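A.B. asks: As given, the protein sequences belong to chains X and R, one line each in that order. If you count the first sequence from 1, position 93 lands on 93 in my numbering, and the numbers rise without skipping. So the number in my numbering is just where the residue sits in the second sequence, counting from 1, plus 1000.
Honestly, the hints are just simulated from the structure, not real lab data.
Derived pair list, reagent style EDC-like, types lysine to aspartate or glutamate, alpha-carbon separation capped at 20 Å:
id : chain 1 : residue 1 : chain 2 : residue 2
1  : R       : K1027     : R       : E1052
2  : R       : K1044     : X       : D7
3  : X       : K2        : X       : E103
4  : R       : K1044     : X       : E103
5  : R       : K1044     : X       : E93
6  : X       : K2        : R       : E1040
7  : X       : K42       : R       : D1086
8  : R       : K1027     : X       : E45
9  : X       : K42       : R       : E1041
What the simulated footprint calls covered on chain R by chain X, stretch by stretch (three residues with Cβ under 8 Å from a Cβ of chain X suffice, anywhere in the stretch; the number is not a length):
id : stretch
10 : 1036-1050
11 : 1101-1114
Predicted model, so just to flag it, every value in this text is computed and none were measured. We put the CB at the ideal spot given by N, CA and C, even for glycine.
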Amino acid sequence: QKEVEQDPGPLSVPEGAIVSLNCTYSNSAFQYFMWYRQYSRKGPELLMYTYSSGNKEDGRFTAQVDKSSKYISLFIRDSQPSDSATYLCAILETSGSRLTFGEGTQLTVNP
Amino acid sequence: NAGVMQNPRHLVRRRGQEARLRCSPMKGHSHVYWYRQLPEEGLKFMVYLQKENIIDESGMPKERFSAEFPKEGPSILRIQQVVRGDSAAYFCASSPGQGSRGNIQYFGAGTRLSVL
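Next up, chain R with everything else stripped away, as it sits in the complex (with noise of 0.2 Å):
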């Protein structure tokens, strides 16, 4: 029964490409959420996401940075023209979404990204 999948686990850019990070949610959850974890500061939401629509991007910054949850597929955090500041790990989460325990939120164990 495998957890939250992300990938890749390490991704190193330089500035100005593009950063793709990949989330498999757990089996049986509908729901998926993105944080970010700068050096030496506490994990912080950026969006929320069920099957092919976005809930809550209040978190995102409002440019370079795009996420989706297709109806096939792992859902994508997208940075455009990385910069150093993006630097950081990326934590994907998933919930159930009904039940008692549908906003409980399991975490994959991130994408540090490096931005040389």
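With the rest of the complex left out, here is chain X (with noise of 0.2 Å):
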């Protein structure tokens, strides 16, 4: 079983939609839960991070990690073409600073 597992996609939806992608890990010592997105052939930029269950909001981006489920998720409401990239949902243990990365997530958002 792999430690994050993300909902592969590829997704596509019309601009404007509310667009939900989803992680899922096995590991109860995360800590930190980030998301990042990805253009194709760039480095992964930091969208989001939390520590804590709950919603955390940014703009269009929300934030949500259920603890006691192990789920994490981020929402994005009124999509944008430019939104279209690959999500890449990431864990923080609490020992140590490796990130443990989801497969990620390609998305399109079409005009």
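Make the complex out of the two chains shown on their own, each in a separate frame, by following the hints.
C.D. replies: Listed below in structure tokens is the structure:
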């Protein structure tokens, strides 16, 4: 079983749609929960991070963590064509510094 | 305020040659991490370094791969006697190492290694 499982997609939505991206994890020692966005042939760009259960909002993006279910989500409201990218969930252990990534979900927002 | 700088962006090597990948962390960051992204796979941790110290190299292949982060200059990921399976994108990340965002990692644009 992988430590972090991410819905693989690909996901194709019309402009303006609400997008839901999801990951599950197995290790209770995980502390920080991140979402990165990666455009084709570019480096991962940090979008949001959180360390507690609940919601964290930043503009059109909302990160949600449910530690009891070991489930994390990223919601994108009013999606734009410029949101088309691969979205990576990443989780940081309490005791260490390595990030464990999901496989990524490729999102296409169609104008 | 420059981000994480990696060079070269693209590197072509023939089998058996050496590849050297360089990474300069963000200003004020003292921790460096290397990750590898193989085609059609996710990012995998390789090694975590602080200045002059390797903290965690549990993700690094045992042979042919080495990393350093000297007191002065960039971090170097070195791959000796490259093979075709080393073809991948290699990403460097850095973090401040202290404070509330001490372990939050920011990535460079990557070096794409192609082995012919």
